[in-house]
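*Asks:* The primary structure of each chain is shown beneath.
Number of protein chains: 2
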Amino acid sequence: MASFETVAKQFVDFYYTTFDTDRKQLAALYRDNSMLTFESGQQLGATNITEKLLSLPFQKVAHKIEMLDAQPTATGGIMILVIGKLLVDEEQQPLSYSQAFHLTQDSNGQYFVYNDIFRLVYG
Amino acid sequence: MASFETVAKQFVDFYYTTFDTDRKQLAALYRDNSMLTFESGQQLGATNITEKLLSLPFQKVAHKIEMLDAQPTATGGIMILVIGKLLVDEEQQPLSYSQAFHLTQDSNGQYFVYNDIFRLVYG
Chain U
1 MASFETVAKQ
11 FVDFYYTTFD
21 TDRKQLAALY
31 RDNSMLTFES
41 GQQLGATNIT
51 EKLLSLPFQK
61 VAHKIEMLDA
71 QPTATGGIMI
81 LVIGKLLVDE
91 EQQPLSYSQA
101 FHLTQDSNGQ
111 YFVYNDIFRL
121 VYG
Chain L
1 MASFETVAKQ
11 FVDFYYTTFD
21 TDRKQLAALY
31 RDNSMLTFES
41 GQQLGATNIT
51 EKLLSLPFQK
61 VAHKIEMLDA
71 QPTATGGIMI
81 LVIGKLLVDE
91 EQQPLSYSQA
101 FHLTQDSNGQ
111 YFVYNDIFRL
121 VYG
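Same order as they appear, the protein sequences are chains U and L.
Position 94 (the first sequence) corresponds to 94 in full-length UniProt numbering; numbering is contiguous.
Position 122 (the second sequence) corresponds to 122 in full-length UniProt numbering; numbering is contiguous.
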């Protein structure tokens with residue numbers, strides 16, 4: 001079984017690659033009880049979360065991970081904190097952001113995002 | 001019973017007030033299985049975590065919370081993401097930071113910090 005660090009790294013790489021190329025595919029990473037807090041707006045469930053992510057007002061986006069830390073939780077989950085930068089559309093100035101994920105396993109042992117909190121960080 | 005938002009707010013206020021006035025009292029918020037990742041260094045257990053926090057090379061520190069988001073977890077815990085600024089010693093220029101906490105309840109229903117990840121954010 002892969003270590004929690006390996007799962008965290010693979011998950012985050014996959015998450016941002018998917019976000020930057022075909023956002024609607026992110027739906028597969030959430031379930032009906034997943035939660036997203038995105039810049040204070042709150043969404044419950046894969047459908048609402050995907051709708052929110054698809055509604056974000058940019059055409060192009062590129063995430064760059066700067067720091068990724070992960071810890072196992074008591075119940076077989078993984079908590080992840082990402083610090084990164086993102087570029088939207090034709091902007092030249094990257095924005096700093098922080099995103100916390102809590103991955104848990106479903107009954108098949110498949111990881112999904114239970115908690116997801118995203119915030120831009122202003123210097 | 002207090003809502004998860006109330007618990008999160010009270011916890012974070014208490015945590016930073018204690019950090020800024022008497023760091024060694026933070027030991028009470030951790031248990032033997034608690035984890036801290038502080039700027040990539042990893043500590044396990046209240047004793048090691050407190051030792052690490054006490055060893056930080058500044059005399060004075062002041063945290064200012066800028067954003068605080070919280071979500072409940074599936075097992076009665078709370079995931080918290082804080083974005084803030086901190087001033088150390090005589091520095092005039094605050095540093096941005098991001099800190100993710102995962103609070104869980106012990107057998108008496110008392111919340112403690114199970115996961116704690118801290119990172120400075122460079123603009």
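These are computed hints drawn from the structure, not numbers from a lab.
Careful, some of the hints might be misleading.
The list makes no distinction among identical chains, and a pair is therefore deemed to hold if it is satisfied within one copy or across any two copies.
Think about it this way: if two alpha-carbon atoms lie no more than 27 Å apart in a straight line, the pair counts; the simulated DSSO-like pairs of lysine-lysine are [stated by the list, open to error]:
1) K85 x K64
2) K24 x K64
3) K9 x K60
4) K9 x K52
5) K64 x K9
6) K52 x K64
Predicted model only: the values in this text are computed from it and were never measured.
*Asks:* Are the hints correct? Go through all of them and say.
*Replies:* Results for each hint:
1. Taking the shortest alpha-carbon separations for K85 and K64, both the intra-copy value of 5 Å and the inter-copy value of 22 Å come in at or below 27 Å.
2. With identical chains, the CA atoms of K24 and K64 are at most 27 Å apart within one copy only, with a shortest distance of 19 Å there and 36 Å across copies.
3. Taking CA atoms no more than 27 Å apart as the test, K9 paired with K60 passes inside one copy only; the shortest distance there is 23 Å, against 35 Å between copies.
4. Taking CA atoms no more than 27 Å apart as the test, K9 paired with K52 passes in both settings, with 24 Å inside one copy and 26 Å between copies.
5. Proximity of K64 and K9 under a CA criterion of 27 Å is satisfied intra-copy only: 13 Å inside one chain copy versus 30 Å between copies.
6. Taking identical chains as interchangeable, the C-alpha atoms of K52 and K64 lie at most 27 Å apart only when both belong to the same chain, with a minimum of 21 Å there against 30 Å between chains.
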